[in-house]
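Engineer: Below, each chain spelled out in residue letters.
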Amino acid sequence: MNRLAYFGLVFIVLLVLVALFAPWIATHDVGATDLLARYKGPSAEHWLGTDATGRDVFSRVVFGARISLQVGLVVVGVSAAVGTLIGALAGFYGGWIDRVVSGYVFNVFLAFPGLLLAIAIVAFLGQGLNKLIFALCIIGWVGYARVMRGQVLKVREYDFVQAARALGARDWRILLFHVLPNAVQPLIVQASLGMAGAVLSEAALSFLGLGVPPPAPSWGVMLEEARDLATLSRAPHAMLAPGLAIALTVLAFNFLGDGLREYLDPRQRKR
Amino acid sequence: MKRKLLDIARRLLILLLVVWTVVSLVTILIELVPGDPATAILGDAATPEALAQFRQKHGLDRPAFFFTYAADEEGGPRRFKWNGADNRYVDYWRGILRGDMGNSFRTDRPVRDLILSRYGATIQLAVAALLVAVAIAVPLGVVAGTNRGNLLDNALSVVALVGISLPSFVVGPLLIYIFAVWLGWLDPSGRFGWSSIILPAVTLGAALSALLTRMVRSSVIEEMSEDYVRTARAKGLGERTVVYKHVLKNGLIPVVTVLGLQLGVLLAGAIITEKIFNWPGIGLLLVEEGINKRDYRLVQGCVLVISVTYILANTLTDLLYRRLDPRIRVS
Chain A
1 MNRLAYFGLV
11 FIVLLVLVAL
21 FAPWIATHDV
31 GATDLLARYK
41 GPSAEHWLGT
51 DATGRDVFSR
61 VVFGARISLQ
71 VGLVVVGVSA
81 AVGTLIGALA
91 GFYGGWIDRV
101 VSGYVFNVFL
111 AFPGLLLAIA
121 IVAFLGQGLN
131 KLIFALCIIG
141 WVGYARVMRG
151 QVLKVREYDF
161 VQAARALGAR
171 DWRILLFHVL
181 PNAVQPLIVQ
191 ASLGMAGAVL
201 SEAALSFLGL
211 GVPPPAPSWG
221 VMLEEARDLA
231 TLSRAPHAML
241 APGLAIALTV
251 LAFNFLGDGL
261 REYLDPRQRK
271 R
Chain B
272 MKRKLLDIAR
282 RLLILLLVVW
292 TVVSLVTILI
302 ELVPGDPATA
312 ILGDAATPEA
322 LAQFRQKHGL
332 DRPAFFFTYA
342 ADEEGGPRRF
352 KWNGADNRYV
362 DYWRGILRGD
372 MGNSFRTDRP
382 VRDLILSRYG
392 ATIQLAVAAL
402 LVAVAIAVPL
412 GVVAGTNRGN
422 LLDNALSVVA
432 LVGISLPSFV
442 VGPLLIYIFA
452 VWLGWLDPSG
462 RFGWSSIILP
472 AVTLGAALSA
482 LLTRMVRSSV
492 IEEMSEDYVR
502 TARAKGLGER
512 TVVYKHVLKN
522 GLIPVVTVLG
532 LQLGVLLAGA
542 IITEKIFNWP
552 GIGLLLVEEG
562 INKRDYRLVQ
572 GCVLVISVTY
582 ILANTLTDLL
592 YRRLDPRIRV
602 S
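Chains A and B are the protein sequences, given in the same order. Mind the numbering: the first sequence is residues 1 to 271 in my numbering, read in order. Mind the numbering: the second sequence is residues 272 to 602 in my numbering, read in order.
Excised from the complex, chain A in its bound form:
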């Protein structure tokens, strides 16, 4: 893997540790407002300063990692499971399932701005963490289905699959033990890029007021709360800290995904 991918990997490991041990790392209560300490700059007491209501920015960014990773993991997990299943069935059996999935779903869903679909779903269903995750899964699974279908179509014709079939293996056994292991690599790449997308979409929707409701310390919510002129002029760090957190996280997953793709696909690997 290249150096950028290693940077991504290291950053992600750190982020996971921060999210896991957030209660011990955070220096203050994330919800505790302190009107006497509003717009404070970074100091020994408040490492990243305080926001417009005197909450500790560092602690909120730390707990924000939990929300981002939680949404990312659930969205990627569910989308990957659903997408893999449907993509595998469509590729393996063909027929009307495949005609619906590849003819209709791929063409329509991939021709559609994903974020707008998520916005529409949340707009009608209402705000909340679960609805946000649901909306992101709806737009997320199609990518995995397409990758999986392509892999299955390729692997299906290999000799060892034919051999397994000749030996009398059942369909599910062929899919699970022969086709799936050969299709896992592109799925891992897709999942890494999917984490970047999910973290980004969560922040975007929360920023628009359609995701995690405030006062939850979602990075998107923090950014939205810190972008008024009063806060920007007196405490720009309250906007910069969550902004940097989002940017680095998305960058790290993108780096990792690109690096993995290069690494797993020998044709793209640099000699």
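Simulated from the structure, these hints should not be mistaken for laboratory data. Take the hints with a grain of salt, since some may be wrong.
[Stated by the list, open to error] For the chain B half of the interface with chain A, some residues (derived, Cβ under 10 Å), not all of them:
1. L286
2. W291
3. L296
4. I301
5. V433
6. I447
7. V452
8. W453
9. V536
10. A539
11. G540
12. I543
13. V558
14. V570
15. S578
16. N585
[Claimed, not checked] Distance windows between CB atoms, simulated:
17. B/E493 with A/D265: 14 to 24 Å
18. B/A317 with A/A44: 48 to 58 Å
19. A/S233 with B/G464: 13 to 23 Å
20. A/S233 with B/N354: 54 to 64 Å
21. A/A32 with B/E493: 49 to 59 Å
22. A/L110 with B/D424: 27 to 37 Å
[As the list claims (entries may be wrong)] Simulated pairs of lysine-lysine, DSBU-like, Cα-Cα distance not exceeding 30 Å:
23. B/K506 with B/K516
24. A/K131 with B/K564
25. A/K154 with B/K275
All C-beta atoms in this analysis are idealised placements derived from N, C-alpha and C, irrespective of residue type, glycine included.
Use these hints to put chain B onto chain A, whose structure you have.
Structural biologist: Relative to the frame of chain A, chain B by itself:
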């Protein structure tokens, strides 16, 4: 020729499928609103008469779909009921075919008029963003491509990668901080003089310019190894002329496709940028007037118009691309 027509027909079919899906989606989603739209608008304290009147005015008292699966008024078991073509789904379609997207739940004004009054501002912003992106990307991409592999190229590649990963809701507030709060050069938000479009356009175009830089770079590298470049050099043309007169002309073909596709992305992505800068486009209409005020009829219209614009931009680009590059037409 036959294949070409078939291909165009296929694109148009997908276009129709997408439109059908979006219309169905917004009509189904409105049924899933928690509670019901009438109570959401008029509040819990509204009298039953007022609620009934509201539902009747907006056609909400009619059956939702071709069939319903519910208990009848007296209670009793849930059962399927066939409603025929006399339902809200068909109503909405009929309206759209006549260019009518219903009336706003809040203001009673036609949704079409509300959208039309905001549409221009969004197009203006998207086009400005496109220009910003091209103005940044073409020179940078050419510099990176002609300096392939050296320090400058690598540095530009990293910058482009970072640019792609930076979301508009991070870039926007950052630009406001730098140019409006710190330097005080530009307005932080709104749409007043010509200068107020600068920050939103840069915000919206930033990610695109990073993407385009990469494309122009690889395009330039690819074209530089073509025979005609060697010919041009052999006849003694300066490197500048070779790059700008010959390489760019061919190298920009794939870039044009991306540009068209991205115009759609920009229109959809403008929702966030418009919110950041209070830019009175269709995205702000959707979020502030539609979603925040639970004006579901307006949300339906905005989602529909934004998606159709997006799909149309994509389809047109795809067809245009085929005309631009003869190699694609043949194969």
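Engineer: Does each hint hold? Answer for all of them.
Structural biologist: Status of the hints after comparison with the structure:
no.	hint	result
1	L286	holds (8 Å)
2	W291	holds (9 Å)
3	L296	holds (7 Å)
4	I301	holds (6 Å)
5	V433	holds (7 Å)
6	I447	holds (6 Å)
7	V452	holds (5 Å)
8	W453	holds (8 Å)
9	V536	holds (7 Å)
10	A539	holds (4 Å)
11	G540	holds (7 Å)
12	I543	holds (6 Å)
13	V558	holds (6 Å)
14	V570	holds (5 Å)
15	S578	holds (6 Å)
16	N585	holds (6 Å)
17	B/E493 with A/D265: 14 to 24 Å	holds (20 Å)
18	B/A317 with A/A44: 48 to 58 Å	holds (55 Å)
19	A/S233 with B/G464: 13 to 23 Å	holds (22 Å)
20	A/S233 with B/N354: 54 to 64 Å	holds (58 Å)
21	A/A32 with B/E493: 49 to 59 Å	holds (57 Å)
22	A/L110 with B/D424: 27 to 37 Å	holds (32 Å)
23	B/K506 with B/K516	holds (14 Å)
24	A/K131 with B/K564	holds (19 Å)
25	A/K154 with B/K275	holds (28 Å)
Hint compliance for this structure: every hint is met.
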